[in-house]
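Q: So you can see what is in the structure, the chains are spelled out below.
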Amino acid sequence: GDSVTQMEGPVTLSEEAFLTINCTYTATGYPSLFWYVQYPGEGLQLLLKATKADDKGSNKGFEATYRKETTSFHLEKGSVQVSDSAVYFCAAFPSGGGADGLTFGKGTHLIIQP
Amino acid sequence: DAGVIQSPRHEVTEMGQEVTLRCKPISGHDYLFWYRQTMMRGLELLIYFNNNVPIDDSGMPEDRFSAKMPNASFSTLKIQPSEPRDSAVYFCASSWWDTGDEQFFGPGTRLTVL
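Chain order of the listed sequences is A and B.
For the first sequence, the numbering used here begins at 1 and goes up steadily by one.
For the second sequence, the numbering used here begins at 1 and goes up steadily by one.
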């Protein structure tokens, strides 16, 4: 079945550092790809998405580009803030799949120090 | 819109007791999902409903777990009898039929079984 692999955490950075969280997927066809974010004590919320190859999703200064050739969807941000501290989940949704097809990675805990 | 509502937010109970978790999805959403999140296993899909009908409960860990959706605005997840290994954060999420790839999560219920 489909699977999503993301880098293990925690990832600890200083404020204003550059962020990359790696994510790769295994799926038949071309799934839609997502990054969800979970702030402390809250549920997951959609951060950004991309539905086809070479699409770039962006939101709140975060970006991720759908790379078909490397089956990747790495999350990046040029200058992180303390408020970005959260757990980030990469997810894939197969093309033509049913609603149960959303597959999550295990999550990467990001800690930003002032 | 109030978003997905879950209650209680925290539940502490003793082993062997019955636990009932509640969820109110976003109005108009056709799908409802129950997830469990633990440090060891990450985010696991337990069961999901479409138009109040359970579609896939293959993620329900054992017969001690049951879920119902008596109407479009309410669902319950029941554990009877509860065990310490059931301690986790339980999330409810909902989505629309035609954008089933984007799920909206509730704040979760943190369950502790002593």
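One thing to keep in mind: the hints can contain errors.
Below, simulated BS3-like cross-link-like pairs (lysine-lysine); rule was C-alpha separation at most 27 Å, straight line [to be verified]: (1) A:Lys56 <-> A:Lys68; (2) A:Lys106 <-> A:Lys60; (3) A:Lys106 <-> A:Lys49; (4) B:Lys78 <-> A:Lys49; (5) A:Lys106 <-> A:Lys52; (6) A:Lys106 <-> B:Lys78; (7) A:Lys77 <-> A:Lys52; (8) A:Lys49 <-> A:Lys77; (9) B:Lys78 <-> A:Lys68.
One side of the interface only, derived from the structure: several residues of chain B facing chain A at Cβ under 10 Å [stated by the list, open to error]: (10) Ser87; (11) Phe91; (12) Glu102; (13) Phe104.
Hints in this document: simulated from the structure, not taken from any laboratory.
Beta carbons: idealized from backbone N, C-alpha and C, even for Gly.
Q: Should the interface hint for B:Phe91 be scored as holding, given a Cβ-Cβ cut-off of 10 Å against chain A?
A: 5 Å, holds
Q: Are the Cα atoms of A:Lys106 and A:Lys49 separated by 27 Å or less?
A: 18 Å, holds
Q: Taking 27 Å as the top limit, are the C-alpha atoms of A:Lys56 and A:Lys68 close enough?
A: 12 Å, holds
Q: Does B:Glu102 pass the interface check with chain A, least Cβ-Cβ distance below 10 Å?
A: 6 Å, holds
Q: Would you check whether B:Ser87 satisfies its interface hint, that is, whether its CB is within less than 10 Å of any CB in chain A?
A: 17 Å, violated
Q: For A:Lys49 and A:Lys77, compute the direct alpha-carbon distance and say whether it is at most 27 Å.
A: Given that 27 Å is the threshold and the Cα spacing comes to 15 Å, the pair holds.
Q: Would you check the hint for A:Lys106 and A:Lys52, treating anything up to 27 Å between C-alpha atoms as holding?
A: Within the cut-off at roughly 23 Å; holds.
Q: Are the Cα atoms of A:Lys106 and B:Lys78 separated by 27 Å or less?
A: 25 Å, holds
Q: Given the hinted pair A:Lys106 and A:Lys60, is their alpha-carbon gap at most 27 Å?
A: 22 Å, holds
Q: Taking only the CA atoms, is the gap from B:Lys78 to A:Lys49 under or equal to 27 Å?
A: 33 Å, violated
Q: Do the alpha carbons of B:Lys78 and A:Lys68 lie within 27 Å of each other, as the hint requires?
A: Answer violated: B:Lys78 to A:Lys68 is near 42 Å, above 27 Å.
Q: Is the Cα-Cα distance between A:Lys77 and A:Lys52 27 Å or less?
A: 21 Å, holds
Hint compliance for this structure: hints 4, 9, 10 are broken, all remaining hints hold.
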